[in-house]
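**Q** Two chains, two frames, some hints: make the complex.
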Amino acid sequence: MQPLNKVSTGRYKIVRIETPCRPAHRRLMMLGVFEGDEIEVIKPAPGPVILEKNGTRIGIGQGLAAGIMVEQTKEDK
Amino acid sequence: MEERQVILTGNPNTGKTTIFNALTGLHQKTGNWPGVTVEVKEGFFIYEGINFKTIDLPGTYSLTSFTEDERVARDILVREKADAVVVIVDSSNLERNLYLVTLLLELEQKVIVDLNMYDIARDRGLAIDINHLEKLLGTRCVITIGNKKTGIEILKKTIYEVSKQVKQPTTKINYGKEVEEEILHLENIVRDISTPYPPRFFALRLLEKDTEIWSHIKGQSNIHNEVKKITEHIYNKFPDIEKYLIEKRYGFIHGLAEECTKRTEVMEEKIEITNKLDRAFTHPFYGTLFFLFFIWVTFNIVFNWGSPFTDMLGKLFSFTSINLKRVLFSMGCPGWVISFLTDGIIGGVGSILVFFPNIFLLFFIFAGLEDSGYMARAAFVTDRLMHKIGLHGKSAIPMILGFGCNVPAIMATRTLETKKDRVLTILTIPFMSCSARLPVYLLFIGIFFQNHRGSILFSLYLVGIVLGLSTARLFKRLFFKEETPPLIMELPLYHTPDIKDMLISGWERSYLFLRKAGTIIFSGVIIIWILSYFPRSASYAGENSFIGMMGGKLAPFLRPAGFGYWQVAVALLFGLLAKELVVGTLGTVFGGEVALTKALSSIFTPLSAYAFMLMTLLYIPCMATIAVIKQEAGTKWAILATIYSIFIGWLVATLFYQGFRLY
Numbered sequence: 001m002q003p004l005n006k007v008s009t010g011r012y013k014i015v016r017i018e019t020p021c022r023p024a025h026r027r028l029m030m031l032g033v034f035e036g037d038e039i040e041v042i043k044p045a046p047g048p049v050i051l052e053k054n055g056t057r058i059g060i061g062q063g064l065a066a067g068i069m070v071e072q073t074k075e076d077k
Numbered sequence: 001m002e003e004r005q006v007i008l009t010g011n012p013n014t015g016k017t018t019i020f021n022a023l024t025g026l027h028q029k030t031g032n033w034p035g036v037t038v039e040v041k042e043g044f045f046i047y048e049g050i051n052f053k054t055i056d057l058p059g060t061y062s063l064t065s066f067t068e069d070e071r072v073a074r075d076i077l078v079r080e081k082a083d084a085v086v087v088i089v090d091s092s093n094l095e096r097n098l099y100l101v102t103l104l105l106e107l108e109q110k111v112i113v114d115l116n117m118y119d120i121a122r123d124r125g126l127a128i129d130i131n132h133l134e135k136l137l138g139t140r141c142v143i144t145i146g147n148k149k150t151g152i153e154i155l156k157k158t159i160y161e162v163s164k165q166v167k168q169p170t171t172k173i174n175y176g177k178e179v180e181e182e183i184l185h186l187e188n189i190v191r192d193i194s195t196p197y198p199p200r201f202f203a204l205r206l207l208e209k210d211t212e213i214w215s216h217i218k219g220q221s222n223i224h225n226e227v228k229k230i231t232e233h234i235y236n237k238f239p240d241i242e243k244y245l246i247e248k249r250y251g252f253i254h255g256l257a258e259e260c261t262k263r264t265e266v267m268e269e270k271i272e273i274t275n276k277l278d279r280a281f282t283h284p285f286y287g288t289l290f291f292l293f294f295i296w297v298t299f300n301i302v303f304n305w306g307s308p309f310t311d312m313l314g315k316l317f318s319f320t321s322i323n324l325k326r327v328l329f330s331m332g333c334p335g336w337v338i339s340f341l342t343d344g345i346i347g348g349v350g351s352i353l354v355f356f357p358n359i360f361l362l363f364f365i366f367a368g369l370e371d372s373g374y375m376a377r378a379a380f381v382t383d384r385l386m387h388k389i390g391l392h393g394k395s396a397i398p399m400i401l402g403f404g405c406n407v408p409a410i411m412a413t414r415t416l417e418t419k420k421d422r423v424l425t426i427l428t429i430p431f432m433s434c435s436a437r438l439p440v441y442l443l444f445i446g447i448f449f450q451n452h453r454g455s456i457l458f459s460l461y462l463v464g465i466v467l468g469l470s471t472a473r474l475f476k477r478l479f480f481k482e483e484t485p486p487l488i489m490e491l492p493l494y495h496t497p498d499i500k501d502m503l504i505s506g507w508e509r510s511y512l513f514l515r516k517a518g519t520i521i522f523s524g525v526i527i528i529w530i531l532s533y534f535p536r537s538a539s540y541a542g543e544n545s546f547i548g549m550m551g552g553k554l555a556p557f558l559r560p561a562g563f564g565y566w567q568v569a570v571a572l573l574f575g576l577l578a579k580e581l582v583v584g585t586l587g588t589v590f591g592g593e594v595a596l597t598k599a600l601s602s603i604f605t606p607l608s609a610y611a612f613m614l615m616t617l618l619y620i621p622c623m624a625t626i627a628v629i630k631q632e633a634g635t636k637w638a639i640l641a642t643i644y645s646i647f648i649g650w651l652v653a654t655l656f657y658q659g660f661r662l663y
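So the sequences go chain by chain: F and Y.
For the record, in the first sequence the residue sitting at position 75 is 75 according to this note's numbering, with numbers rising by one throughout.
For the record, in the second sequence the residue sitting at position 393 is 393 according to this note's numbering, with numbers rising by one throughout.
Chain Y with its partners taken away, still in its complex shape (with noise of 0.2 Å):
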């Protein structure tokens, strides 16, 4: 079948999700770019028989190379040369989404610009004349309402018809006759060099001092140093040529809207409605009550309304391998191959899909609060606090998921929109007692502190929290100097949340996960099996086994934390799946769970169990946690959080221990 390319581009906040949904329904999934870490979508619509190949990109308000997103998406436009680039617009914003498409006429793109959520521009009052609006931009332009899936047809006729067409538009933006001198030169300087982007869209970004650009002409002297002539000449005339070519195309576009909208008759109500939940959600104290509710209720959806169906799935492996086990011992099958088919393979593929139903629900959520509006409300009630740690005011809200789990936590980064803030969010969260720790805590603590159960358990999760910012804080200073900006964000109009698209990304994040951090958690699972396994005249995870061997070598460095036993240092390996293993495994290595609490009691002070907690709560996140780190930030930071992690953890159980022993 014939194949063309659609990119699907515009500013946040103007349903372009929902038209990519409404395009490609669920013919799509997160793309791999490489060292791309935030989410561009790919998906297909057939149309006249020709397969429409759609990347949806992450909405920008421009194309610069100051902040990812938009470095992404202009990499991806510049590399990919579309056939059809469609630029979502709300059209009830027609002046401020304009901006994009001036920008995307500058890099000589195929443009069609879609006014979207045209019955928000009518209860508002506007009223667009498209023809005019074609004739002064030069593109082809079509109105849809995404949600109601109005104007989908048209729009899919038109990326046909203009995917067919050759030529491109060739709007100009003047910048006035001094600038336009200077920018012809430095086309003509610049015309050689081999670059992706037109020599216009070049030579405007050079005189932006626009870095990723500007690299491109480092290694040439002669040319580097006539661009550097006519710009410092530039920079003489227009001390802030950046804001200077904004505003001029700024006023190109308030020119055109001003031609082309017409003001009605205005419905008020839904401003009004937006203006006084605002009043209340973005109160300092209201707010903040808000905030917490919301949170709390997510909580409750994700780990309740997921645990059933975790638990569920958890009893339906252990059904089929305690079955398996059975029939294949009948068939006479080796045990070896029993026990690598049911604890290896069925307890691997048990330990991923488990995260499977709280992860779906999360992103659910998650799309219902982006969608409606109140995510960008929540990242200003908490912006004053994580600005002071030098994080986003958005990184709250993954944090606190998790205590939850981490797994799904550092999935929810993805709201974030710079690198660098999602990178010491992703690095905070494993610090965020999770509820798998919770088991280790309940039976030390059961054993050793009785009379304290409730202050030694708030202790922990405070030590958490507490060593969680500090490593922000830390990190922030190692790798990132820059100052985080202040906060600004659009604030769209609120509204009800589409299910379907809620379901969508619920699917489509859920999927992505299971696909790319499963592979590892699964190799991992049959590492620590292969080691627990054998050799075969070993019990299983046994003194002589490997990785009973492993934890005997381990054992005398966790000596100065207070508990060096080989037994201890494989329930800890063990825990790399999963922490709650650290309880089974003790269970297991010690012969079952009376003598288990005798065992404890005997080997372990109250001192040291607590130095052991801590060492819990702290040392490397579980292999889901790396796997998903890895997945999300790069190998570099899974490494480094997990080295950083299990550094720490020792670090502070050993001083906790040693420090106390003196009294």
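Just chain F, same shape as in the assembly (with noise of 0.2 Å):
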């Protein structure tokens, strides 16, 4: 298990969000992303991590991608 910013490109899945700013978790709800999504990390750190979920693209903050603790799954494309 990482921080997302830690991790480079493919395809993980959130195991748990860790931010003490409620607004940002719940932007992230918003946006479809929940603990225990897959996602697809496009950009990685340094700069803003951009993930991809069922087609929407969000750029997340450092600051905050060092809250997303993810887990690498397996690696077909």
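Incorrect hints may appear among the rest.
[Stated by the list, open to error] Here are the computed distance ranges between Cβ atoms for each label pair:
id	chain 1	residue 1	chain 2	residue 2	range
1	F	LYS13	Y	LYS209	24 to 32 Å
2	Y	LYS228	F	ARG16	25 to 33 Å
3	Y	ARG263	F	GLU35	21 to 29 Å
4	Y	PHE299	F	ARG16	37 to 45 Å
5	F	PRO46	Y	HIS27	44 to 52 Å
6	F	GLU40	Y	LYS218	43 to 51 Å
7	F	MET1	Y	TYR286	27 to 35 Å
8	Y	PRO284	F	MET1	20 to 28 Å
9	Y	ARG263	F	LYS13	41 to 49 Å
10	Y	LEU655	F	GLY36	54 to 62 Å
11	Y	LYS276	F	GLY36	28 to 36 Å
12	Y	GLN220	F	GLU35	35 to 43 Å
13	Y	LYS481	F	GLY10	34 to 42 Å
[Claimed, not checked] Capping the alpha-carbon separation at 30 Å, the derived lysine-lysine pairs in DSS-like fashion look like this:
id	chain 1	residue 1	chain 2	residue 2
14	Y	LYS135	Y	LYS276
15	F	LYS6	Y	LYS388
16	F	LYS13	Y	LYS248
17	F	LYS6	Y	LYS243
18	F	LYS53	Y	LYS149
19	F	LYS13	Y	LYS276
20	F	LYS53	Y	LYS270
21	Y	LYS276	F	LYS6
22	Y	LYS270	F	LYS13
23	Y	LYS157	Y	LYS172
24	Y	LYS209	F	LYS53
25	F	LYS53	Y	LYS148
26	Y	LYS262	F	LYS53
27	F	LYS13	Y	LYS243
28	F	LYS13	Y	LYS262
29	F	LYS53	Y	LYS243
[To be verified] Taking beta-carbon pairs under 8 Å as the criterion, some of the chain F residues facing chain Y (in silico):
id	residue
30	PRO3
31	PRO23
32	ARG26
33	ARG27
34	MET29
35	MET30
36	GLY32
37	PHE34
38	GLY47
39	ILE50
40	THR56
The hints are simulated quantities; they were obtained by calculation from the structure and are not laboratory data.
Being a predicted model, the structure only gives us computed values, none of them experimental.
All C-beta atoms, glycine included, are put in the ideal place defined by N, C-alpha and C.
**A** So this is what it looks like as structure tokens:
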């Protein structure tokens, strides 16, 4: 398990979202990103992490990305 | 003519503006909603002999009261009780977009789902079965491709048909037996209190701890207590009920989207391009370079392309003014009438209209940057620095534009989403040294700092930036205590912006500026004219005119800063109109350009000259800026910005003068 700002491109599963900032967590949920979801990292850090879920492309600032714990899923494409 | 009301809503980046433009054409304006700082546009179209008044709400993901956009959207929805509510949906993102639809259904609106950008969905290999979707949602659905005008007629027809119907769709999301029971309880309790919301919507928002909804039951203590008991009970079982409810809604949508979409062959090309561009544009180093490049281009277009038009307008006005003067004089008009018409009215209108080319171009370019998808990326580039100061990533662009002219810069803060970020950014902008202050610097630097031109000029810009950013920090501490949330933003695929949409956006926003800020600037100009012209025995803006007397009264206050002369005070008063007038006024009161240099070198020392430049940089934004602050942030902030900047200007100039005088 690693924070989102430390991983490279590929498919991951979100294990936990830890942020003291409720509005940020809420915004993530509104965009359809939940714990347990599978996502694809399109562009890793440095800079914002860009991920895709269900065709929605979301940019996430470094600070928040550090609090999103992910696990790699199998490497087939 | 019979009138009906339509509301357009939808997530950001769904091509909502394009649909609004396609529906209403040029019959639109930015609405005047009391207390609303986010943009709400209004327009109309005529179909089957009925006038459909159309309101375009700000793009939102949800309908909570946690952000201003959403609160505004929700308020308008419940207040207006529209005959049809069109939700513009990005067809390639069905799941996320339908979330808002579920909330609108709970709000018991007569919803039409507009599956827009259908071509992109097709390119992404998606086919949507709209008949099935209509059945499952219980609403009408339409397919459109906004930028190609496809489906607009069918959309109009559907709006017409739905607006005739009385009944609303009744699709409900089931939140699970346990929660549903409690929702029913809450519904029964709140049914009797008068709110504009449907009981179920009200009950759900109570559960989600929506403060605006809770405030409706604040006064009624027995209802409040009962509600409290039920919600506490639920919170015990579901510690994060908000998340639970959102997940349930997404569960419903997920099932629905799965059933209604078929995946076909994917056209990866466009996505690949976006991936490549994103890697470049959001890269910490190259991204910054690209950002600076785009800003440089924008700056050049706005101010360089704009300046020939501005000059032309300026010449046109002075030409009219001079000739009118001549004609009126030969007709034997009294002097004050001539002066009022030419110096007052024409000068006043001129001082407003000269901004038009720049503002138009700015919003033309901005619409393009926004529409292409770049603006969302740019926010990430500057976010790290801005975040430290307590501003938003999107604050950087308006601030940089402030170096050209504060007026369009303040209007550019419209791209910021929350009122807090907008107000903070607006307050920093007047400290960005705009191009109108340059003539003042050039005059004084030319006389007093021949050998250090560059570094003196640079130091002034730097002082402005440092004070601007400190102001943002200070005001954030004072007025907006909550933490700036980390940046999360949806990044739409890049695409070529639509020129027509850019033109409409440029026209509509610059027109708004002329209409709203124009009246304030105009009255300011007239007041200054009266003060300069009267009493009639005095020469225009001379020592015995009212403004000269005011200057005399103000001069002692300026003495600690090293320039306590009535002429200088009058120049500063004229600077209210536009800061470049400081130079012109000094010229007038000291009697011509040659005399000016002599006079200035006799009453100023290099020290007091620098103090005066600091004052010019910092004191009061010009009248146009004050007007536009009032328009964008409200009277309270405009007054605060004015008083604060006078104080800071005076304080910095005085401290500087007194501090260095000792050496």
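**Q** Is LYS13 of chain F close enough to LYS248 of chain Y, meaning Cα to Cα at most 30 Å?
**A** Status holds; Cα separation ~20 Å.
**Q** Does the alpha-carbon distance linking LYS209 of chain Y and LYS53 of chain F stay inside the 30 Å limit?
**A** holds, 28 Å
**Q** GLY32 of chain F was flagged as interface toward chain Y. Is the shortest Cβ-Cβ separation under 8 Å?
**A** Cβ of GLY32 of chain F sits 5 Å from chain Y, so the hint holds.
**Q** Below or equal to 30 Å on CA atoms is what counts here, so check LYS135 of chain Y against LYS276 of chain Y.
**A** violated, 40 Å
**Q** Given the hint that LYS13 of chain F pairs with LYS276 of chain Y, does the C-alpha gap stay at or below 30 Å?
**A** This hinted pair holds, its Cα atoms lying about 24 Å apart.
**Q** Taking the CB of LYS228 of chain Y and the CB of ARG16 of chain F, does the distance hold inside 25 to 33 Å?
**A** Given range 25 to 33 Å: holds, Cβ gap about 31 Å.
**Q** Next pair to validate is LYS53 of chain F with LYS243 of chain Y; report whether the Cα-Cα distance is within 30 Å.
**A** holds, 18 Å
**Q** Hint validation: MET30 of chain F versus chain Y, beta carbon distance must be below 8 Å. Holds or violated?
**A** holds, 4 Å
**Q** Go through the hint on ILE50 of chain F and say holds or violated, using the shortest Cβ distance to chain Y against 8 Å.
**A** Because about 6 Å separates ILE50 of chain F from the closest Cβ in chain Y, which is inside the 8 Å limit, the hint holds.
**Q** Against chain Y, is ARG26 of chain F within 8 Å by beta-carbon distance?
**A** Since the shortest Cβ distance to chain Y is 7 Å, the answer is holds.
**Q** Taking only the CA atoms, is the gap from LYS270 of chain Y to LYS13 of chain F under or equal to 30 Å?
**A** holds, 25 Å
**Q** Go ahead and decide if the range 35 to 43 Å is satisfied by the Cβ distance of GLN220 of chain Y to GLU35 of chain F.
**A** Since the Cβ atoms of GLN220 of chain Y and GLU35 of chain F sit about 38 Å apart, the hinted range of 35 to 43 Å holds.
Going through the hint list in order, the structure does not satisfy hints 9, 14, 30.
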